[in-house]
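Chains as they are written, first to last, in the working numbering: chain W, 1 to 255; chain F, 1 to 255; chain H, 1 to 255; chain Z, 1 to 255.
Keep in mind the hints are simulated off the structure, nothing from the lab.
It is possible that some hints are incorrect.
Intra- or inter-copy, both count: the list cannot distinguish identical chains.
To be verified - Below, in silico cross-link-like pairs of lysine-lysine (PhoX-like), each with a Cα-Cα straight-line distance of 25 Å or less: (1) 138 - 217; (2) 54 - 131; (3) 131 - 51; (4) 195 - 100; (5) 105 - 3; (6) 155 - 48; (7) 18 - 54; (8) 212 - 160; (9) 138 - 105; (10) 51 - 100; (11) 128 - 48; (12) 128 - 51; (13) 3 - 54; (14) 80 - 100; (15) 243 - 131; (16) 51 - 80.
4 protein chains.
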Amino acid sequence: MIKVDLVSDIGEGFGRYKLCDEEAIIPLLTSVNVACGYHAGVPNIMRKIVKICKENEVGIGAHPGFPDLMGFGRRFMKIKDNELENYLYYQIGALEAFCKLYGLKIQHCIAHGAWGNWLEQDIENARKFVKAIANYNKEIIILAISGGFRIQAAKELNLKVANEFFADREVQNNGRLVPRTVSGSVLHDKDKIVKRVLKAVLENKLISFEGKELNIKVDSICVHGDTPGSLEIIKAIRAALLKEGVVITKFGDFI
Amino acid sequence: MIKVDLVSDIGEGFGRYKLCDEEAIIPLLTSVNVACGYHAGVPNIMRKIVKICKENEVGIGAHPGFPDLMGFGRRFMKIKDNELENYLYYQIGALEAFCKLYGLKIQHCIAHGAWGNWLEQDIENARKFVKAIANYNKEIIILAISGGFRIQAAKELNLKVANEFFADREVQNNGRLVPRTVSGSVLHDKDKIVKRVLKAVLENKLISFEGKELNIKVDSICVHGDTPGSLEIIKAIRAALLKEGVVITKFGDFI
Amino acid sequence: MIKVDLVSDIGEGFGRYKLCDEEAIIPLLTSVNVACGYHAGVPNIMRKIVKICKENEVGIGAHPGFPDLMGFGRRFMKIKDNELENYLYYQIGALEAFCKLYGLKIQHCIAHGAWGNWLEQDIENARKFVKAIANYNKEIIILAISGGFRIQAAKELNLKVANEFFADREVQNNGRLVPRTVSGSVLHDKDKIVKRVLKAVLENKLISFEGKELNIKVDSICVHGDTPGSLEIIKAIRAALLKEGVVITKFGDFI
Amino acid sequence: MIKVDLVSDIGEGFGRYKLCDEEAIIPLLTSVNVACGYHAGVPNIMRKIVKICKENEVGIGAHPGFPDLMGFGRRFMKIKDNELENYLYYQIGALEAFCKLYGLKIQHCIAHGAWGNWLEQDIENARKFVKAIANYNKEIIILAISGGFRIQAAKELNLKVANEFFADREVQNNGRLVPRTVSGSVLHDKDKIVKRVLKAVLENKLISFEGKELNIKVDSICVHGDTPGSLEIIKAIRAALLKEGVVITKFGDFI
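Sequences and hints are given; from them, build the entire structure.
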């Protein structure tokens with residue numbers, strides 16, 4: 001029986017700003033990556049998400065970002081290791097307060113935007129990040145791009161890992177995402193996306209942007225909730241997976 | 001045997017800014033109120049404080065503030081109840097992450113600046129605040145001005161309370177602080193401060209700004225660490241109390 | 001020949017966040033109130049707006065707010081007079097840089113959200129505000145709610161004023177807006193809104209929320225650009241006014 | 001007759017935080033680089049500085065920084081060209097508002113911290129920066145490290161330039177500063193600093209960190225105001241220069 005998780009970046013509003021409809025999307029997911037206030041996210045939204053996750057048994061993950069609201073955490077910032085480590089703890093802790101309020105635990109952690117990209121540029125970056133999480137709580141699962149440096153670094157420390165597969169993002173031969181700036185790097189066609197997801201989940205195969213067949217491990221399928229039509233795509237993925245007998249459940253249940 | 005705590009607001013620097021020398025002051029204290037990032041405070045400082053507190057067995061308290069770095073949390077902001085409650089949790093959680101890293105727990109919580117003042121303006125404000133803390137963790141002690149609304153509200157909920165006495169601030173007949181803007185409201189003379197502290201701790205008496213003798217309960221003596229000569233005042237208070245056989249220890253040990 | 005201005009709050013996005021489609025709405029307006037970075041707004045958006053205003057001969061106004069991104073400038077903050085005055089200059093200056101780049105001048109200034117409300121609570125607040133603007137540049141027109149304290153205070157100093165009429169907001173007998181929290185305070189029906197605008201512009205009359213006929217002076221009609229259907233309402237107002245022979249032009253041209 | 005300017009980074013406090021005593025230092029200087037709110041600086045401080053500068057005929061420069069209060073603008077941020085350009089305008093404009101209030105003009109502009117370092121890493125970065133300033137106002141003088149990329153780029157556009165010499169920072173053979181992280185890179189000995197300044201101003205010579213004699217053009221001597229003893233060093237430099245008949249005056253007067 002194949003099990004897979006459906007995850008999305010959530011809670012990326014701020015004050016009056018809203019990027020997605022949490023009430024609508026969370027029940028369609030099994031895990032969420034929650035913005036923790038540095039690149040986006042405010043306490044009211046964080047709490048609302050945790051509450052909805054509890055009602056829907058959805059796994060909660062911390063999604064720490066660089067302290068850059070104006071850049072939405074998507075701009076690289078050269079931050080000293082010890083500061084970055086403490087930015088991580090600060091944000092995890094803030095989210096954990098809301099989890100505690102509802103009797104829940106943090107399922108996983110995944111760095112946002114430019115932080116995440118930087119972790120995949122050098123195994124040493126990835127090692128420091130996963131070690132910092134291990135020092136905090138060895139039960140927190142490391143969610144990261146399938147087969148990347150964080151997954152490798154986490155395995156070295158015997159941490160639990162979840163391999164993330166991006167439903168709508170093209171992948172290079174080396175396993176990395178094709179940058180958003182490259183034309184065609186983001187898929188929009190629902191049928192193509194669904195087909196690609198099925199191939200990845202059922203066969204563990206993926207056709208790279210360059211056209212080569214790659215092996216891929218998929219624990220969690222990353223979908224988006226902030227674009228027009230994104231809910232329809234999630235529903236289509238869910239339906240297709242269920243039809244194939246795949247069990248859609250939070251990765252905390254099977255990892 | 002009389003027991004009393006010595007507490008100070010700590011960690012109120014930000015980025016490059018430093019307001020006090022944490023390494024020098026913390027070993028002279030038995031508890032600290034730690035800024036949590038909204039009115040002041042950054043992760044690196046928060047962690048350093050927690051580490052020093054562990055080494056010195058000093059009690060750690062959350063010192064949440066309004067989200068107003070520019071105003072240092074000293075300006076009233078009209079914030080909705082549910083938002084304010086979640087600002088509280090966010091900040092407690094962030095501090096708790098660092099405590100967890102060192103195997104420690106949060107001893108107490110006290111609102112900073114304008115938030116704290118607002119809580120003492122209406123018993124309903126105080127009730128909502130202490131109830132929010134109780135919903136989070138009933139073990140967290142409510143530190144607040146001796147005999148004020150928060151102390152009253154916390155007792156109504158059977159929460160543990162610590163009565164705070166300000167070593168260098170004049171008090172009105174009604175038990176409230178004389179505003180800083182009033183000339184003479186802040187004491188600077190070391191001998192006067194020490195005398196006043198001894199009277200409060202040993203006799204539970206206080207002469208108000210208007211000249212009336214008041215009764216006062218003192219669990220914790222609040223001192224400052226950010227003014228010239230402040231370390232000398234703390235040392236003098238310590239010496240005078242010890243000479244009288246008073247045990248100086250964190251209030252978490254005796255409340 | 002009756003002349004009237006059509007104005008809207010603009011540029012209230014931040015970083016990745018977008019509240020309205022500036023390219024679509026600005027050409028339908030004759031003036032804009034531009035967020036300047038404290039409650040919302042970032043340099044890229046500010047510049048884009050100024051550029052579009054130049055192309056469309058739209059009057060540019062500074063829309064300074066409280067330094068409260070999380071609260072969108074809608075929460076009262078108790079700020080000292082001299083600080084508030086300097087927050088005003090800082091924000092006007094920032095916007096003026098972009099105007100200068102395109103050879104334009106600031107047409108007007110209007111405080112945003114809680115700041116604006118606070119100015120209407122006490123004529124002294126209003127006097128300090130308009131005097132601060134006069135000290136900076138006497139050519140800047142004071143835009144404010146028709147017949148309110150700012151208008152009065154500006155007239156006392158012989159400053160130029162523009163009376164603002166809110167197309168979709170109910171007004172009390174005393175001339176103030178019915179708070180948003182009151183049910184029915186915001187109109188959504190296009191036909192009603194258009195009728196109300198015509199009555200105000202052509203007859204200088206307004207039926208209050210309580211049902212009384214009030215006199216009103218209208219230099220500028222405030223419309224919204226961030227709600228569904230708001231562009232349609234603006235177009236309907238424009239069409240109805242033009243049909244009646246009203247000239248829709250920026251108030252800088254006729255005040 | 002040799003003329004030289006004395007400049008310092010000023011206004012880098014924030015809210016309650018204060019880094020230097022502006023009243024004491026500004027009268028000893030002839031120009032200042034004013035923080036504009038992104039990496040440090042608040043409106044009240046900006047205004048106070050402009051007022052003191054007016055009273056002392058000191059030249060005012062904008063000191064724009066990255067939007068990173070937590071990192072004091074000292075951390076590189078990968079920001080898109082058009083955003084960075086608009087951050088520049090925003091900050092210049094904000095400062096210009098205060099200048100306007102006192103009938104003054106901006107004398108110069110110099111990027112702060114990591115932004116300034118980045119401009120010297122690639123002539124293309126420097127070209128974009130000086131071109132942005134030229135598009136805004138060709139009268140603004142480009143202040144930058146003597147002989148660096150910004151000076152070169154500004155000359156290409158026929159802009160006015162001021163060569164900055166750091167009184168207390170060692171220089172490499174290639175003309176760049178020895179990084180602060182290198183031991184011995186910052187001089188603290190008053191007599192050595194004064195000697196070095198005299199050699200640079202009178203002979204246009206400098207001994208590099210590696211021991212080689214370099215030629216250097218000096219229009220402005222950069223001194224610091226935020227370290228213990230810094231005022232004494234400034235006074236010693238002033239006295240030594242005056243004794244040699246050097247005229248100390250703002251570079252706006254002689255460039």
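Going down the list of hints, with the structure as the test:
no. : hint      : verdict
1   : 138 - 217 : within (22 Å within a copy, 44 Å between copies)
2   : 54 - 131  : between (28 Å within a copy, 22 Å between copies)
3   : 131 - 51  : between (29 Å within a copy, 19 Å between copies)
4   : 195 - 100 : neither (39 Å within a copy, 44 Å between copies)
5   : 105 - 3   : within (21 Å within a copy, 38 Å between copies)
6   : 155 - 48  : neither (33 Å within a copy, 30 Å between copies)
7   : 18 - 54   : within (21 Å within a copy, 30 Å between copies)
8   : 212 - 160 : neither (29 Å within a copy, 56 Å between copies)
9   : 138 - 105 : both (12 Å within a copy, 19 Å between copies)
10  : 51 - 100  : both (11 Å within a copy, 23 Å between copies)
11  : 128 - 48  : between (31 Å within a copy, 19 Å between copies)
12  : 128 - 51  : between (32 Å within a copy, 20 Å between copies)
13  : 3 - 54    : within (21 Å within a copy, 44 Å between copies)
14  : 80 - 100  : between (30 Å within a copy, 22 Å between copies)
15  : 243 - 131 : neither (39 Å within a copy, 48 Å between copies)
16  : 51 - 80   : between (35 Å within a copy, 19 Å between copies)
Against the hints set out earlier in the document, violations occur for numbers 4, 6, 8 and 15.
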